[in-house]
Amino acid sequence: MDLTGIPVIDHHVHALRRAHPADAMAYRAAFTESGDPLQLRDHVPHSVYYRWLLREVAAALGCAPTEAAVLEARRAYASPAELARVLWPKANIATLLFDTGFLREQMLSPLEMEAATGIRSFEVVRLEALAEDLIAESRTFDELREAWRAAVGGLRAGGAVAAKSIAAYRTGLAILPVGADLAAAAFRPGRRRLASKPLLDFLLWEAFPLLARQGLPIQFHVGYGDADADQRLANPLHLRGVLQEPSLRDMPVLLLHCYPYVREAGILAATYAHVAFDCSLVIPLGPAGAARYLAEALELAPATKLLYASDAHSWPEGHWLGARVYRKALGEALAAAHRTGYVSAGEAEDDAAAVLGGNARRIYGLA
Amino acid sequence: MDLTGIPVIDHHVHALRRAHPADAMAYRAAFTESGDPLQLRDHVPHSVYYRWLLREVAAALGCAPTEAAVLEARRAYASPAELARVLWPKANIATLLFDTGFLREQMLSPLEMEAATGIRSFEVVRLEALAEDLIAESRTFDELREAWRAAVGGLRAGGAVAAKSIAAYRTGLAILPVGADLAAAAFRPGRRRLASKPLLDFLLWEAFPLLARQGLPIQFHVGYGDADADQRLANPLHLRGVLQEPSLRDMPVLLLHCYPYVREAGILAATYAHVAFDCSLVIPLGPAGAARYLAEALELAPATKLLYASDAHSWPEGHWLGARVYRKALGEALAAAHRTGYVSAGEAEDDAAAVLGGNARRIYGLA
Amino acid sequence: MDLTGIPVIDHHVHALRRAHPADAMAYRAAFTESGDPLQLRDHVPHSVYYRWLLREVAAALGCAPTEAAVLEARRAYASPAELARVLWPKANIATLLFDTGFLREQMLSPLEMEAATGIRSFEVVRLEALAEDLIAESRTFDELREAWRAAVGGLRAGGAVAAKSIAAYRTGLAILPVGADLAAAAFRPGRRRLASKPLLDFLLWEAFPLLARQGLPIQFHVGYGDADADQRLANPLHLRGVLQEPSLRDMPVLLLHCYPYVREAGILAATYAHVAFDCSLVIPLGPAGAARYLAEALELAPATKLLYASDAHSWPEGHWLGARVYRKALGEALAAAHRTGYVSAGEAEDDAAAVLGGNARRIYGLA
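Going down the list, the sequences are from chains A, B and C. Just so we're aligned, residue 1 is where the first sequence starts under this note's numbering, counting upward by one. Just so we're aligned, residue 1 is where the second sequence starts under this note's numbering, counting upward by one. Just so we're aligned, residue 1 is where the third sequence starts under this note's numbering, counting upward by one.
Don't read these hints as lab results, they were simulated from the structure. Don't take each hint at face value.
[Said to hold, decoys possible] Below are the DSSO-like pairs computed for lysine-lysine, each with C-alpha atoms no more than 30 angstroms apart in a straight line:
1) B/K197 <-> C/K197
2) B/K197 <-> A/K197
3) A/K197 <-> C/K197
[As the list claims (entries may be wrong)] With the C-beta cut set under 10 angstroms, the calculated list includes, among others, these residues of chain C facing chain B:
4) S34
5) G35
6) L40
7) S47
8) V48
9) Y49
10) A58
11) R188
12) A329
13) G331
Note that the structure is a prediction, hence the values are computed from the model and not measured. A virtual CB, placed ideally from N, CA and C, is assigned to each residue, including glycine.
Using the sequences provided together with the hints, build the complete structure.
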């Protein structure tokens, strides 16, 4: 199936940096999750994704398919955003939902992104970044708690379309209700980095009912998506306590990335009406296997539960190629499902439209 | 490979309800593991299985392929059993092994099933249901223990061909030997629901040697198969303590469902002579991926270790389509294995016969 | 892709036994991980690998494709090594790295292997076997510790090209730094078998810096590879503490086997420059799925991170067929990746050469 004509909503993406990469190592760093300089130097150039990316960028910019030529050709554009204006129209991207809590100072804001690219942009607020800002400003735990409740309670009014939690790579997805006493004992004024499990879990359980009241979705980082993550703690099955809580059914839960726990995420999405998921990051990082991940994702979970995302950041190549790899893989997965005889041609078309945009429109309430 | 001519033994199935579904929601509920009303209302109609099922039932009953038309056409039959008499002959089902511990009052008994359908039926006794009956009748822990040992010790004589445990979705598969004191302390006369880990684990370890003495197989629910299950506790690797116990090698162990832990179940079946497994429930619930699960199941484990089951319940559609999906997927998986060159044509035929019936006949001692 | 012309380095293999198998059961035992006599008797003959192996050996030796005929035909050769001289030239094996800690008395030494087969052979020292030798000779914990540090510190000088740990099937891969007091308390002079977690973990953390100083790689048994292993403890994600330790980055880490945790191993190899992995044992034991495991292995991890190994032992059939299955599967996986369009023909060729030998040459410093 050819899905190039269907515009995508990328429901989990990061902004472009203000300036071009300083060198090849900085360029490569956006196309791997490894932060290890030796991995960047010796191994990333031998990854399927990076090799293919160089060929594609070279073809788009009209230069030789080498890293040096690509880096040189990119410099003809004043900034990453200028390059995006060349590459992104090829990707038919309708809407972007930005996590604004990652590398904040070096990144363009959603407003700047929209101005530079003409693509409709929305903000997703990273709860841990918000909490760390408030911790820095709070002298006491009660002050923090009050500020937190006010901030989380006002997210929808402030224009956010979702919250996001990176608990998976701080203290894990087994997020437990915690007494205020325990959280207060873990609070240290001035200690900015939020790495205390009682404190983070407490703040999240404070936030959940406020999100539910606003009908605001929460995105959870799951599985492969950050070298910081202990993957044992990033299994989405650990979210069971949150997902089973009857009072939180009005808080849509989006499981991001999910690899290698795609089947587990599919089970959760097949079980709970308020749970949906994506296969970002491993698509496009593992492009040769992308159709397989999507076949797994769609095998149990209804097609109303899978979303598109790239998790791209920094340079515009990722946003562009993410959409390309995903559309191609989804077309292959749906064609294969159609060949089994269990999916009709019309259903495959409906499913493609749902996954590439319809589900995100419904869950985030986008017009 | 076309396997339609091979009769199947469905070694893990539930009975039909006495009456037709009250409405569309009740109809849908048998074709998903979700108990969430909103999942039933908004998402199940977009699942691969349910959409395909409506088309197949419509074709079989000669009505339009819509849910409303299907529900209307079904009403021409006096009961689910009457409908089964139309659908089941298309599925070439030789024998059914019934778990009689699920929704007991609303379901036909194996005897009634056999009378209504003419298909040979055997009983599998759900140990937790048996225990709960005895707990309700026991005034003391010693009374319970004595009644339990008598009941379990008499299962074979009472006509059961196997026992079944749903420990996976009560207190988990890490079933540990427990002292009687600890179990007794957890016993509460009159508290029917068996959700205490010391008490359930104790009763199971009391039962295991009695089952071994009778050579009676035990089925364990594993992995995806109930919304109640915490999937972290339903991994079959947790059964290691039971499987390693030398004195229990005469108790055949059947791992049911297994998805997403198909590889783990295959490892156990490749390691222990007394362990076998199936891929029920995800087949037929995830039909487009069925050939893949079976390829995984058959990659390490000998073909003498995989069984057929549908885990269908309530309406006769599941029993019928389960056999159809499974035969088609098994034929594809074996044909693909043959194409690799590692499986001869004759071996693929032998394996099909073993998986669809021979293994169940051997393990359950069916004539 | 036809890779038969590329010589392989088998970086994880065991030696041949001195004498032929006593009977069919002893023959079968080398082609399964099960130690269960009933599995050997009733099920191994129905495994894909064993059935195919009999056909291949029969064709090579010119006898009927039955077990009895194969066992008879093998007796025409004076020893397993004599048979190897017939079979191994068909496998184009360049170099073998031997774990010499398994069934030591019954096996040929690397020197004997090289003399008998003409294939370049290197030694990998199994740390637990080394420790057990030293424990048997030590009267006190301090004596053991000193002897251990001396032995491990001298591995490179003694000719070893790597160390190997089987902690996964003793006390698990969550190998933790342990105080000397705790380890000393677990030391019992004369108790040969090393099954104490504090003692084994302590010895390994003593060894790691010494290996890093020598730049000597360590192989970790991971996942499916021994019936002894509790697979819950054999997940490579448990190694996180070792892999994150900055001072150990000069100790290359090789994850052996990895199935069913192939995706998890791929994530680690995509994250840490000093981590690489293989898919041994499940290739060739699960030959019909081999191309799928390799596709998974290569989907995220750079091609510089995957190695070839057979994990064969005892009879020469495994070393021979291991190389055949692996080459065929790798050729199929790379051809499939090329068909997706993400891998060029030249890259697929480069990757094949890296996986079959180049990566092992680089990591082990072989000429």
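*Failing hints, ascending?*
Going through the list in order, the structure violates hints 10, 11, 13 and respects the others.
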